[in-house]
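Chemist: Listed below are the residues making up each chain.
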Amino acid sequence: AQKVTQAQTEISVVEKEDVTLDCVYETRDTTYYLFWYKQPPSGELVFLIRRNSFDEQNEISGRYSWNFQKSTSSFNFTITASQVVDSAVYFCALRGRDDKIIFGKGTRLHILP
Amino acid sequence: DAGVIQSPRHEVTEMGQEVTLRCKPISGHDYLFWYRQTMMRGLELLIYFNNNVPIDDSGMPEDRFSAKMPNASFSTLKIQPSEPRDSAVYFCASSDRDRREKLFFGSGTQLSVL
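So the protein sequences, as listed, match chains A and B.
Numbers 1 to 113, taken from this note's numbering, label the letters of the first sequence in order.
Numbers 1 to 114, taken from this note's numbering, label the letters of the second sequence in order.
Bear in mind the hints are in silico, worked out from the structure with no lab data behind them.
Glycine residues also receive a C-beta, built at the ideal position from the N, C-alpha and C atoms.
Treat the hints with care, as some may be off.
Where chain A lies over chain B, by a calculated footprint (3+ residues, C-beta under 8 Å) [as the list claims (entries may be wrong)]: (1) 13-19; (2) 31-37.
Under the rule of at most 25 Å between Cα atoms (straight-line distance), these lysine to aspartate or glutamate pairs were calculated in the DMTMM-like manner [stated by the list, open to error]: (3) K3/A / D96/B; (4) K70/A / E56/A; (5) K102/B / E59/A; (6) K24/B / D98/A; (7) K38/A / D30/B; (8) K102/B / D22/A; (9) K38/A / E10/A; (10) K16/A / E59/A; (11) K102/B / D29/A; (12) K78/B / D98/B; (13) K70/A / E15/A; (14) K3/A / D30/B; (15) K68/B / E83/B; (16) K78/B / E15/A; (17) K3/A / D22/A; (18) K102/B / D98/A; (19) K3/A / D57/B; (20) K100/A / D57/B; (21) K100/A / E101/B; (22) K102/B / E17/A; (23) K100/A / D63/B; (24) K3/A / D56/B; (25) K24/B / D98/B; (26) K70/A / E101/B; (27) K3/A / E44/B; (28) K70/A / E44/A; (29) K68/B / D98/A; (30) K70/A / D98/B; (31) K68/B / D98/B; (32) K100/A / E44/B; (33) K100/A / E56/A; (34) K3/A / E101/B; (35) K102/B / D86/A.
Take these sequences, add in the hints, and give me the full structure.
Modeler: So this is what it looks like as structure tokens:
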């Protein structure tokens, strides 16, 4: 069975600090896809990144970076120099061979001014 | 592209009433997913369809819940009878046949069962 665990329920940091959101997944599939979504206070779900299981290169997009490690089944997300606008709930998700897409329970991030 | 369209945006009903949530996926998308979001459980997958056929409904909580996709451009999620514990935000999402493709989410339906 597939599973996504986001152990951090809620995190608070002061603006300009770096913060890492953890995501650990379980799957027996050799081919799968991992995603991160952001849900700001307005409620919509915003796509951030997609990564396939064969590509372990880390990715950086502005202040955002992602670290994918198959050896530890983790796909962690780091925000550098956090800003108040980064306050949101962040979800990690897994899509397996059966195309079922499951989400972790989310991490609520508070960036304090 | 209009995106995934859900209706209504908000629904308030009384316990025991039937509730029907509606979703129009993005044209050309082959997959449609229904999720329920609560504080306790996060985003739970209820059911998903491929080419209008239900593939996995193991997340549907009880027989009170049913979902249909009569054609490629429309899906419904019905709760009958509704209960207060069904109160949640219900999201519909669609995706292209390419498994690499991300999900496109609707704006959600905020359901309150009194």
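Chemist: Please write out, lowest number first, the hints stated earlier that are contradicted by the structure.
Modeler: 1, 12, 13, 16, 22 and 28
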